[in-house]
Amino acid sequence: MRVLGLAVGTTFPVPGLPAAADDCDVVVERSTPWWDPADASVLSDVRFDDGRPALRVEAGPDGTWRFWGHGYGEAVVLDAGARVCCAFADGAPIARLLVGQVLPFLAGRRGFEVLHAAGVVIDGGAVVLCAPSGTGKSTVLRALLARGGVGFLADDTVAIDEALQAWAGPGVIGPELEPITPAVASVPVRAVAVLSRGGDGVGLEPLADPRALLAQGYDALPRSPERQIAGLDRLSRLAGAAELLALRVPEGGVDAAADALLAHLRT
Amino acid sequence: MGTDAPQHPPVGVTAPQRAVRVPDHVVHRAFGDQTVLLNLSTGQYHGLNASARRMFELLSERGSLTGVAADVAREYGRPEEEIAADLVELCAALSERGLLELQV
Chain C
5 MRVLGLAVGT TFPVPGLPAA ADDCDVVVER STPWWDPADA SVLSDVRFDD GRPALRVEAG
65 PDGTWRFWGH GYGEAVVLDA GARVCCAFAD GAPIARLLVG QVLPFLAGRR GFEVLHAAGV
125 VIDGGAVVLC APSGTGKSTV LRALLARGGV GFLADDTVAI DEALQAWAGP GVIGPELEPI
185 TPAVASVPVR AVAVLSRGGD GVGLEPLADP RALLAQGYDA LPRSPERQIA GLDRLSRLAG
245 AAELLALRVP EGGVDAAADA LLAHLRT
Chain Y
412 MGTDAPQHPP VGVTAPQRAV RVPDHVVHRA FGDQTVLLNL STGQYHGLNA SARRMFELLS
472 ERGSLTGVAA DVAREYGRPE EEIAADLVEL CAALSERGLL ELQV
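Protein chains in written order, with our numbering: chain C, 5 to 271; chain Y, 412 to 515.
Isolated chain C (complex conformation) (with noise of 0.2 Å):
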C-alpha cells in the first residue's frame, strides 16, 4: 500500500504505516541517528508563542535532513530520501511527525504535489477537501464517511501525481491516531472543495479564487523556484480537469454541509 505515492515501509509499529518490505522506496527505523548541527542549515524554525522552539527542519550535507519536533522526536532522513531513522521517548507520537512533516517532505521532493487536505472517494472518483488546519475539514470529512457510498482517502495529506491521480494520505485520523485503511491507493481526482467556516448557511459554490487552492499547498520548507513552477503548472492542469469548489461551513451545519456537498456530486 502506498503512502501519499510513496512505497513506505516501517521496522517499528506507526499507527496507518504498513511494515517494511522489500520494495518499499523509504525505510522507516527507530535508531538513533547520527547528526552534527555544525554541517546543517536550518530551514524552518519554528516557535510557540513563548519562544521555545516547537518545530525545527535542518538540512546537512549530501541530501540529509532533520525533522525535530517538541514532544515527539526527530526523525533524520538518509540516503536521499530512502532511509528515515527516527529517535523518540516511548509513548511520543512519532507518527505525527513523520505523517505531518517527514512524508510530505519525501513525496514532494518525488514529484508529488502535497495538499493539506482531507480526501474521500465518492463514485470513483476523488472529492479533495481542502482547507487550514482548524478550518473542520476532518469533521466534514468524519460526516462524509458516516454517508453511504463515501470511502476514506486522507485525513490531512493528499498528494496529486503528474497524471492528476490523487493518492492517499497515511491512515490515521483524529488525535488518538486511530488507524484507517484508505479505500484506494490513488483514483483520480473529480472535485477540489476549499472549506471556508462562518455564515448563516450551507454555501456550495464555485471556487471564485483559485488562490486559494495555491495556499493549500503543502509548503512547510522552501521551495525552489522549478518546484514553485511545477507545483502551479500541476494544479492548473488540476483545475482544468476537476470541479473547484468552495464550501462554507456555518457553525453546527456540518451534517448540512456534507449532504449539500453529496448531493451536488451525485446531482
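What the hints contain is simulated information worked out from the structure, not anything from laboratory work. For glycine and all other residues, C-beta sits at the position ideal for the given N, C-alpha and C. Be aware that one or more of the hints could be misleading.
[As the list claims (entries may be wrong)] Residues from chain C that face chain Y, not an exhaustive set, calculated with beta carbons under 10 Å:
| # | residue |
| --- | --- |
| 1 | Ala-212 |
| 2 | Asp-213 |
| 3 | Arg-215 |
| 4 | Leu-217 |
| 5 | Pro-226 |
| 6 | Pro-229 |
| 7 | Gln-232 |
| 8 | Gly-235 |
| 9 | Leu-236 |
| 10 | Asp-237 |
| 11 | Leu-239 |
| 12 | Ser-240 |
| 13 | Arg-241 |
| 14 | Gly-244 |
| 15 | Leu-248 |
[To be verified] Beta-carbon label-pair distances, calculated as ranges:
| # | chain 1 | residue 1 | chain 2 | residue 2 | range |
| --- | --- | --- | --- | --- | --- |
| 16 | C | Pro-41 | Y | Asp-482 | 56 to 62 Å |
| 17 | Y | Arg-473 | C | Glu-166 | 32 to 38 Å |
| 18 | C | Gly-67 | Y | Glu-507 | 36 to 42 Å |
| 19 | Y | Arg-485 | C | Ala-86 | 54 to 60 Å |
Given chain C's structure and the hints, the job is docking chain Y onto it.
Coordinates of chain Y only, in the frame set by chain C:
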C-alpha cells in the same frame, strides 16, 4: 487584481506606445477562465479575472499597450475609453507588484 488597483497610476502608464515586458521571474497559468501569476521573487500568487487576463495576454504578446484597449473593448462589447482606464489601472497594479515592467 483589477479590483484592488491603486487610485493614482504612475505618470506615463497611459502612453499607448509604451513598451511593456513580463519579467523573467513571473510565470502564469490558467485556472478556468482566470489566470494566476506567480512572482518567483516573492513566492506570491496574484489572480487576474477574465478581462484582466485578456489584457495581460495581449500585453505580453505585443510588448506594448498599442491597440490593447481597442481589441479588448471590441471583444467584450464595451466602450474603449472604459477599457483604456481599466488597462491603465491594471498596468499600474502589475507594475507595483513587480509583475510587469513599464519600459522607458
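Now for the hints, and whether the structure bears them out:
1. Below 10 Å, beta-carbon pairs count as interface contacts, and C:Ala-212 has one with chain Y at about 9 Å; its hint therefore holds.
2. Contact between C:Asp-213 and chain Y, as hinted, is supported at the beta carbon level, the nearest pair being about 6 Å apart and thus within 10 Å.
3. Here the hint on C:Arg-215 is kept, as its CB sits about 5 Å from the closest CB of chain Y, short of 10 Å.
4. For C:Leu-217, the shortest C-beta to C-beta distance to chain Y is roughly 8 Å, which falls under 10 Å, so the interface hint holds.
5. Given hint, C:Pro-226 at the interface with chain Y, holds; its Cβ is 8 Å from that chain's nearest Cβ, closer than 10 Å.
6. With a least beta-carbon distance of about 5 Å to chain Y, the hint placing C:Pro-229 at the interface is held under the 10 Å criterion.
7. With a cut of 10 Å, the hint placing C:Gln-232 at the interface with chain Y holds, because the nearest CB-to-CB distance is about 6 Å.
8. Annotation: interface hint on C:Gly-235 holds; nearest CB of chain Y at approximately 9 Å, less than 10 Å.
9. With its C-beta approaching chain Y no nearer than about 5 Å, C:Leu-236 sits inside the 10 Å limit, and its interface hint holds.
10. Proximity of C:Asp-237 to chain Y holds as hinted, the smallest CB-CB distance being about 6 Å (cut-off 10 Å).
11. Interface restraint check: C:Leu-239 against chain Y, minimum CB-CB distance 8 Å, threshold 10 Å, status holds.
12. Evaluation of the C:Ser-240 hint against chain Y yields a held restraint, the C-beta minimum of about 4 Å falling below 10 Å.
13. Residue-level restraint check for C:Arg-241 holds (minimum Cβ-Cβ distance to chain Y is 8 Å; threshold 10 Å).
14. Residue-level restraint check for C:Gly-244 holds (minimum Cβ-Cβ distance to chain Y is 7 Å; threshold 10 Å).
15. Restraint check, C:Leu-248 versus chain Y: the minimum CB separation of about 7 Å is within 10 Å; hint holds.
16. The given range of 56 to 62 Å is respected by C:Pro-41 and Y:Asp-482, whose C-beta atoms sit roughly 59 Å from each other.
17. Between Y:Arg-473 and C:Glu-166 the Cβ separation comes to about 33 Å, which falls inside the hinted range of 32 to 38 Å.
18. Taking 36 to 42 Å as the suggested C-beta distance range, the pair C:Gly-67 and Y:Glu-507 conforms, at roughly 40 Å.
19. Range check, Y:Arg-485 to C:Ala-86: about 58 Å between beta-carbon atoms, so the 54 to 60 Å window is met.
Hint compliance for this structure: every hint is met.
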